[in-house]
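Here the protein sequences come in this chain order: A and B.
Take 250 as the starting number for the first sequence in the numbering used here and just add one per residue.
Take 144 as the starting number for the second sequence in the numbering used here and just add one per residue.
Don't read these hints as lab results, they were simulated from the structure.
Cβ atoms here follow ideal geometry from the backbone N, Cα and C, with glycine treated the same way.
Treat the hints with caution; some may be incorrect.
Claimed, not checked - Covered stretches of chain B, as calculated for chain A (at least 3 residues, CB under 8 Å):
1. 183 to 194
2. 248 to 257
As the list claims (entries may be wrong) - Derived Cβ-Cβ restraints for the label pairs, each shown as a range:
3. ILE155(B) with LEU262(A): 32 to 40 Å
4. LYS159(B) with THR277(A): 39 to 47 Å
5. SER252(A) with ALA163(B): 30 to 38 Å
6. GLU325(A) with ILE155(B): 19 to 27 Å
7. LYS214(B) with SER263(A): 50 to 58 Å
8. ASP206(B) with ASN308(A): 23 to 31 Å
9. LYS214(B) with SER328(A): 46 to 54 Å
10. GLN202(B) with LYS305(A): 29 to 37 Å
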Amino acid sequence: GDSVTQMEGPVTLSEEAFLTINCTYTATGYPSLFWYVQYPGEGLQLLLKATKADDKGSNKGFEATYRKETTSFHLEKGSVQVSDSAVYFCALGAGNQFYFGTGTSLTVIP
Amino acid sequence: EAGVVQSPRYKIIEKKQPVAFWCNPISGHNTLYWYRQNLGQGPELLIRYENEEAVDDSQLPKDRFSAERLKGVDSTLKIQPAELGDSAVYLCASSGDVAQETQYFGPGTRLLVL
Chain A
250 GDSVTQMEGP VTLSEEAFLT INCTYTATGY PSLFWYVQYP GEGLQLLLKA
300 TKADDKGSNK GFEATYRKET TSFHLEKGSV QVSDSAVYFC ALGAGNQFYF
350 GTGTSLTVIP
Chain B
144 EAGVVQSPRY KIIEKKQPVA FWCNPISGHN TLYWYRQNLG QGPELLIRYE
194 NEEAVDDSQL PKDRFSAERL KGVDSTLKIQ PAELGDSAVY LCASSGDVAQ
244 ETQYFGPGTR LLVL
């Protein structure tokens, strides 16, 4: 069945460091891919999405490219800030179904 | 535009007691989801509604969990009786239509069963 696998955390980075959180997926069709972010004590917020191969989603300095050949949707940011500390979830949406990864906790230290 | 509203935000109960969670989706969103999120895990779907119809409840433990979405707007998720293992965050999400696929989440209800 369809599924998402993302790198395990926690991840700790210094401010202004480069961030990569890996996400790979398994799907039988042509899913949409998402990154959601969850700040402490809050619900999930949509960070970015891509609906077809080679699309790049971007928001708040974060980017992810839908790579069909490697079945990946890695999240990147060139320079992280303390305020980016949160849990990041990769997700796959295929019509009626939605699958989340287990989440990657990011802590950015000054 | 108001987001997805959930209440209560926190609930502490003793095992075997009943508990109910309420969700008001974004206005105009026909699809409503209830998820359970265990500590350190991603959300897991419990039930999905299209308007007032439950179209996917395969992951809902029907012996103790029930849900309703009368009139196709607000929804209530109930657990009766609660067990220790039900301690989790219960998230409600809504989307405009299935084709859009983007879901908008509420803040969740954090349940602790003692």
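Status of the hints after comparison with the structure:
1. 183 to 194: Coverage by chain A holds here, the residue count being 7 at a Cβ distance below 8 Å.
2. 248 to 257: holds (count 4)
3. ILE155(B) with LEU262(A): 32 to 40 Å: holds, 35 Å
4. LYS159(B) with THR277(A): 39 to 47 Å: Holds: the Cβ-Cβ distance is about 42 Å, inside 39 to 47 Å.
5. SER252(A) with ALA163(B): 30 to 38 Å: holds, 32 Å
6. GLU325(A) with ILE155(B): 19 to 27 Å: violated, 40 Å
7. LYS214(B) with SER263(A): 50 to 58 Å: About 52 Å separates the Cβ atoms of LYS214(B) and SER263(A), which means 50 to 58 Å holds.
8. ASP206(B) with ASN308(A): 23 to 31 Å: For ASN308(A) against ASP206(B), whose Cβ atoms are near 41 Å apart, the range 23 to 31 Å is violated.
9. LYS214(B) with SER328(A): 46 to 54 Å: holds, 48 Å
10. GLN202(B) with LYS305(A): 29 to 37 Å: holds, 32 Å
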